[in-house]
Amino acid sequence: MNAKLLGRLGDAGSYLFMLVTFVFFAGPLFWLLSLALRDKREIYLGMARFIPKYPTIDNFISVFTNSFFPTYLWNGLKLACLSGVGVLIVALPAAYAFSRFNFRGKGIWMMALLAFQMISPLVLMVPLYRYFKWLQLLDSHFSVIMVYIALGVPLASWLLKGSIDAIPRSLDEAAMIDGCSRFSVFWRVILPLSGPGVASVFIITVIAGWSQFLVPFILLTRTELMPIGVGIFQFQGMQNGTTMQLLAAACLISVVPAIVAFLLLQRLILGSLTAGAVKG
Amino acid sequence: MTATTMEGSRGLGVAWFQRRFAGAPMPWLIPVIVVIGIFYLYPVLEVIRLSFTDSTLNKVGNYTLFSIVTALSSPQLPGVLLATVEFVGGSIVGQQLLGLALALVVIRGEKRHLFGTTVLRTTALVAWVVPGIAGGIVWQMLFSEAPFGGLNSMLRLIHIAPVAWLSDPNIAPWSAVISNIWRGTAFSMVVMYAALKAIDPALYEAAEVDGASASQQLRFITLPQLRMAILVNMILITVQTMNTFDAIISLTGGGPGRATEVIALYAYYTVFRNYDLSSGSVISVLMLVISMILALAYALFLPREAESS
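If you read the sequences in order, they're chains U and W.
Going by the numbering used here, the first residue of the first sequence is number 1, and it counts up by one from there.
Going by the numbering used here, the first residue of the second sequence is number 281, and it counts up by one from there.
Misleading hints may appear alongside valid ones.
Unchecked claim - Here are the computed lysine-lysine pairs in the DSS-like style, where the Cα-Cα straight-line distance is at most 27 Å:
no., chain 1, residue 1, chain 2, residue 2
1, U, Lys78, U, Lys133
2, W, Lys391, W, Lys477
3, U, Lys4, W, Lys391
4, U, Lys53, U, Lys40
5, U, Lys133, W, Lys339
6, W, Lys477, U, Lys4
As the list claims (entries may be wrong) - If you only want the chain W side, here are some residues facing chain U, beta carbon under 7 Å, derived:
no., residue
7, Trp308
8, Ile417
9, Ser530
Since the hints were derived computationally from the structure, they do not count as laboratory data.
Virtual Cβ for every residue (Gly too), placed ideally from N, Cα, C.
The shape of chain W in the complex, shown without the other chains:
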């Protein structure tokens, strides 16, 4: 009621503006449209355009298809793609399994009032909040191969030979995966926890009546019911891991050699170290295509959300 008097005291212009526009959604969406247009749409179109030129970071070149051929036939690209697949694949498997196991244990712990359930859940989430660059530095200190490096000095305590965590090109990618699992698992845990809570308890009661064991319940009820959550989670982990830049530049910088040079790092080095804007744009378009395929898949798995909104 006070609102009415406040309305009356406002200027005529405001009232006119409100009558004219406030009933339509457009004015409310203008800020978002401007932001999306400038910071997403324009760069996406621009990066596609640049990939058809022979530009460098300092000068815009002429249109040509040559850059695409050069960038895609680069002898470094297969290695980069392999490193990316290893990094993303390892993270998916690790984060899904550990995230599911954590969610199952947390739920069991809540049910049976086990000690420390909340502490465990919070600890995993804390690792998730650690900034990527700091996470990379922490793990670099753990993997450090100096005599006082965290893991190697621990191995020495129990008389096991030190491991070349970051300098052996066959081991370094898996070290990177471990550090990424450390940071990313909490997200999977949250997704899996929510999905597990959403399973109808009647299913388990029925299974119990039928005499199904715990492992049978996991295999025939829990996992099938989680299929959607696992798929969605897989897509989100893939996107996040493929876009990872900070955690890996501070952990390995792409080395040893190019063993951990994932696609985001490769694109960065191409543009900002070699000033090769056109090749970098081709790589970016490649990343863009992969993300859009994943986004499309994600949209297909979430049809109810889209309809209900």
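Looking at chain U on its own, in the form it has when it is part of the complex:
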């Protein structure tokens, strides 16, 4: 009886905590939505008009028509997707080697990758800026994509190694007995079977690329090359109190694709991110 009462009390406490944290996490995004749907007059009502009385999509229309926004979105998508492909090209063979070969210093190699991952991108960007300037590759998408790839490779190698580890080695051996070379084992056995891992690494890299700010901020100066992250930052600099609804709409447009991509593949992404953690 007592235990049951305690359980009920615990449930009530849990619900209260869940409510408060839900408001904390969801509130800012609903606030953004609320602002983005208002017209000029309702902006001044603040929280008191959380649900706009005269909701409008004019802000979205004006963001899309009166600025570089479509270009920003296209650039963001292009940089993110190409870097996703690039990361896979670089990290997949390495992940295969880390998973299937035994060689000296493998543990150290993998730890070194993790250590590199911990270096602040800003530290890397200082010399890389000069390097690209010297190569006259500033203001080019090529250099930005290369840096995105480099930033994504360490984590991708770890995650892909995890998903290749999960494929039984006996499959490799069977294929090799049937006369497959290492390359065709990789191409015909490993790649098709690590589909979910590859997909989640691709999505993680694309989301990270979409969210990137620092790299294009430093390497690009021409507006028509900017991806979305830098685009909304510059948009923010141009706005004032009377155009908050436009900034909110722009911001929402930049946030939604990342959230949608994540929600669609949440199970997959979390699975590959936590696989290592649970095992270790």
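Please build the complex by placing chain W on the supplied structure of chain U, with the hints as guidance.
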């Protein structure tokens, strides 16, 4: 079997290449080695070299130790370090506590089939996916001190005086911490959730038989069992928060004054606004040393991973 015939139809060069190299790990690692060499190793060595020169962004200077002395004795540095410690420390404490609490509630909710557990978990994760720059803008709109700013207009509804969220140098750092907790907690939650799931349920059964209360179980079983996860999490949060740049440049830009100018922002301003490449490199080396110490600590806490791989 089809593979065999396909092999045969390929050129002799390919077959030779495969026989010669495919059995060794090196060819597989070449792309990664090239990328790491160009984009990590070279910049790291270069930034160390530059810190021993008196270079500006536009010209490479001569070798000197003078820049190191100037950069480290800069009157701004103590303030920057303090702001960084506040930002990182506040984020660690906040994200650990909230992340652990969330993970505990989510697990309890799953066990007792409470309504909304999945919604809560997903919402926290959604905040995590929001791009840093957008997160900064959203929180700036909430903290905005204009009459229609989100939090202040809410406070006004319940007749509380407005707070100078971003313009008071004593409050702004904590506002920055709150926004960072908002974005970072989901990661802690995921780590803690995985660690909690890995605790042997027999421990709790034994404790229950011995008549331990829920709070005793938390204190004597859960927390000690989570020690490793908490340490690892702390290191990862420190690295992530120290490297935070976008979320803070769009929230405060380092202000008011220099109250929220964390080390990454300071390094950026030094190099790209003051063109002081050598001092910026010294600051970068400082960041590098801190990250490497943390990486080393991380490696020490994960010995099993390294051995098994």
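The hints, checked one at a time:
Taken as a hint, the Lys78/U and Lys133/U pair is honoured in the structure, with Cα atoms around 22 Å apart against an allowance of 27 Å. Proximity of Lys391/W to Lys477/W is assessed by CA-CA distance (about 12 Å); at most 27 Å being required, the pair is judged to hold. With a C-alpha separation of about 15 Å, the suggested pair Lys4/U and Lys391/W falls inside the 27 Å cut-off, and the hint holds. With a C-alpha separation of about 12 Å, the suggested pairing of Lys53/U with Lys40/U holds against the 27 Å cut-off.
Proposed proximity of Lys133/U and Lys339/W is supported: the alpha carbons are some 12 Å apart, at most 27 Å. Between Lys477/W and Lys4/U the CA atoms are separated by roughly 24 Å; this keeps the pair inside 27 Å, and the hint holds. Of the supplied interface hints, the one on Trp308/W holds, with its beta-carbon coming within about 4 Å of a beta-carbon of chain U, less than 7 Å. Hint status for Ile417/W relative to chain U: holds, with the closest Cβ pair at about 5 Å, below 7 Å.
Interface hint at Ser530/W: satisfied, since its Cβ lies 6 Å from the closest Cβ of chain U, which is below the 7 Å cut-off.
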